[in-house]
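Based on the sequences and whatever the hints tell you, model everything.
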Amino acid sequence: MTVIIDRDTKLVVQGITGYQGTYHSKAMRDFGTNVVAGVTPGKAGGKVNDIPVFDTVAEAVARTGANASCVFVPAAGTKDAVMEALDAGLGTIVVVTEHVPVHDAIHFVAVARSRSVTLVGPNCPGLAAPGVGKIGILPSKIFAKGTVGVVSRSGTLTYEIVNAMTEHGIGQSTCVGIGGDRVPGTNFVDVLARFQKDPDTKRIVLVGEIGGTAEEEAAEFIKANVTKPVVAYIAGRTAPPGKRMGHAGAIIARGRGTAESKIKALEAAGVKVAKIPTDVPALLK
Amino acid sequence: MKLYEYKAKELFKKHGIPVPEGFVVSSPGEIRKLPGPVMVKAQVLIGGRGKAGGIKPADTVEEAKKAASAILGLNIRGYVTKLVLLEQRLEVAKELYLGVTIDRSKRGLLLMASASGGMDIESVPEDRILMLPVDPLIGYQDFVGRKVAGFLKLGKEQGAQVADIVKRLCELMTSEDAELAEINPLVVTKDGRVVAGDGKVTIDSDALFRHKEYEGLEEDLTPLEAKAKDLDIAFVQLDGNIGVIANGAGLTMATLDSLNMFGGKAGVFLDLGGTDDPEKVKSAMLLMEEADPKVILLNIFGGITKCDTVAKGVLEAIEARPTKAPIVARIKGVNEELGRDMLKEAGMIPASGLSEAAEKASKESLR
Chain A
75 MTVIIDRDTK LVVQGITGYQ GTYHSKAMRD FGTNVVAGVT PGKAGGKVND IPVFDTVAEA
135 VARTGANASC VFVPAAGTKD AVMEALDAGL GTIVVVTEHV PVHDAIHFVA VARSRSVTLV
195 GPNCPGLAAP GVGKIGILPS KIFAKGTVGV VSRSGTLTYE IVNAMTEHGI GQSTCVGIGG
255 DRVPGTNFVD VLARFQKDPD TKRIVLVGEI GGTAEEEAAE FIKANVTKPV VAYIAGRTAP
315 PGKRMGHAGA IIARGRGTAE SKIKALEAAG VKVAKIPTDV PALLK
Chain B
12 MKLYEYKAKE LFKKHGIPVP EGFVVSSPGE IRKLPGPVMV KAQVLIGGRG KAGGIKPADT
72 VEEAKKAASA ILGLNIRGYV TKLVLLEQRL EVAKELYLGV TIDRSKRGLL LMASASGGMD
132 IESVPEDRIL MLPVDPLIGY QDFVGRKVAG FLKLGKEQGA QVADIVKRLC ELMTSEDAEL
192 AEINPLVVTK DGRVVAGDGK VTIDSDALFR HKEYEGLEED LTPLEAKAKD LDIAFVQLDG
252 NIGVIANGAG LTMATLDSLN MFGGKAGVFL DLGGTDDPEK VKSAMLLMEE ADPKVILLNI
312 FGGITKCDTV AKGVLEAIEA RPTKAPIVAR IKGVNEELGR DMLKEAGMIP ASGLSEAAEK
372 ASKESLR
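Just so you know, the protein sequences line up as chains A and B, in that order.
If you use the numbering used here, the first sequence corresponds to residues 75 to 359, in order.
If you use the numbering used here, the second sequence corresponds to residues 12 to 378, in order.
Warning: the hint list may mix true and false statements.
Claimed, not checked - Below, a list of computed lysine to aspartate or glutamate pairs in the DMTMM-like style, where the Cα atoms sit at most 25 Å apart: (1) A:Lys359 x B:Glu370; (2) B:Lys317 x A:Glu241; (3) A:Lys346 x A:Glu334; (4) A:Lys153 x B:Asp243.
Read the hints as simulated data drawn from the structure, not as lab findings.
Following this line, the structure appears as structure tokens:
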């Protein structure tokens, strides 16, 4: 078993005729995902990588039975695309697009949650289950099939850590990049709950960053609900307070969101915390 | 994007939140008439201007000109004052705090209110601040305003005025795409009015495409910061001597952590975002040259771009402006070996893993 994606996943790619949509629809299919349709308004009847393109998500669903979507639509149209996917009744939506206005995210995340739809992102690399498939843009070559579930707030840092695990012969069950935006559709707790239930996930890696309180909330959840061993890395332990660290806006404010507070909370929940990302494989052994 | 106080107050006024009457000038000569006794306030994007001498009272035009010329040009914690706001002085009976921000855990708006206004909200004890999440599907309803007014223990009349301001502040947040809207202090005047004494609004920079009104609005950036911003590269100045270029905030911070393990310290970092676009890597290299660090550490984890393409961009950047600083380069992804060989040939120090790269860069920086 895997989480969020499985062998029954039938994927529609929204924005399939763009550069990213075209490239990644093929990369996802090559990784094992059943990509059944693409949507780009005005491009119905065409094909991308032999995948049929439709004007609307509803039409794609009616014709192909799609039940999940990967959204590559540019930020100005992301809210419209996600709402269209929700309206068409899809159960899983992964939003790769970055720079989505925060008020748009608040709105579509709220609607998704009220309908019990799994929405991952925005501004996320997506998820990959080696041997089953992937939804998103994670580079295929870094993965190996295994039993460690990975959940991360970061993009490229996730690749770094998964790559280090694979190089040390440690494979992954599912890797979920929840994205670094302020309003994520899926958070650490949502994914931890799924990993705890998933029989094929034996151990868990959590990759966090300074800023916000998501890691502290994850620690509380782990303490109360997770019996599987957890290893974590928190990026930014040497970052100076009060500085906005990069696009994601990881920032330490009001004494909250520091690496110390996160590490302390995680260690109190029995989590082993790595000092640098390349230490993660050793802590899993 | 942070707005100046006078810009924030223009938005307040547009949304029906009472503000003191006033105007903004860039030179004392522009002051001809006052709306009564005023405060002359430096317009800078940083707090603590009162203590720095950036706020002065004035009763006459002459006094106002004198105050303005003292404040204009004043350096407040690194920000040079270019504009002053002159506005009606309020007869203060009580100072409150009111703010709306984004709540990451509740994934919606968060209302904050306190009866301890007029001071830095960070220093107000938490039990004296009301933190009220607004459910995005319920939105602002009048009961929310009543809760705020109740917490602030206001009388019926001021309570109703505050509730109305809360409502308008929530409207402003969503319709103006703000990520922060704060009134501190929210003044209750001696004659019973409730007026915004100060205003802080930050507009979500991801939503600027639908707010053309902010186009060309001047921001307080150093020339390097401005260049980085134009290129959509996050630029952060730190106090070490290693210039770090990486892609993605998490990876950038992990690179700093790894440097620290080996005794190295970053001086500048450039975060390209999640991209490994060779053109962007090249621009970042050129930008880094200008920051003049002792060592440059390039750490790119590629997704779909080929390493040799990225390496080619790096080489072009170096050709254009030869650097004295040694460059430690680690590019991970497709065609890795090819990229590494190209960099080695050009005299750079190649590394294959993050730890190795951090160790080599630290060593060079301590030389």
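Now the hints, each set against the structure:
This hinted pair checks out: Lys359 of chain A and Glu370 of chain B have alpha carbons roughly 24 Å apart, not beyond 25 Å. At roughly 20 Å between alpha-carbon atoms, Lys317 of chain B and Glu241 of chain A fall within 25 Å of each other, so this suggested pair holds. For the proposed pair Lys346 of chain A and Glu334 of chain A, the alpha carbon gap of about 14 Å is at most 25 Å, so the pair holds. Between Lys153 of chain A and Asp243 of chain B the alpha-carbon distance is near 22 Å, which keeps this suggested pair within the 25 Å criterion.
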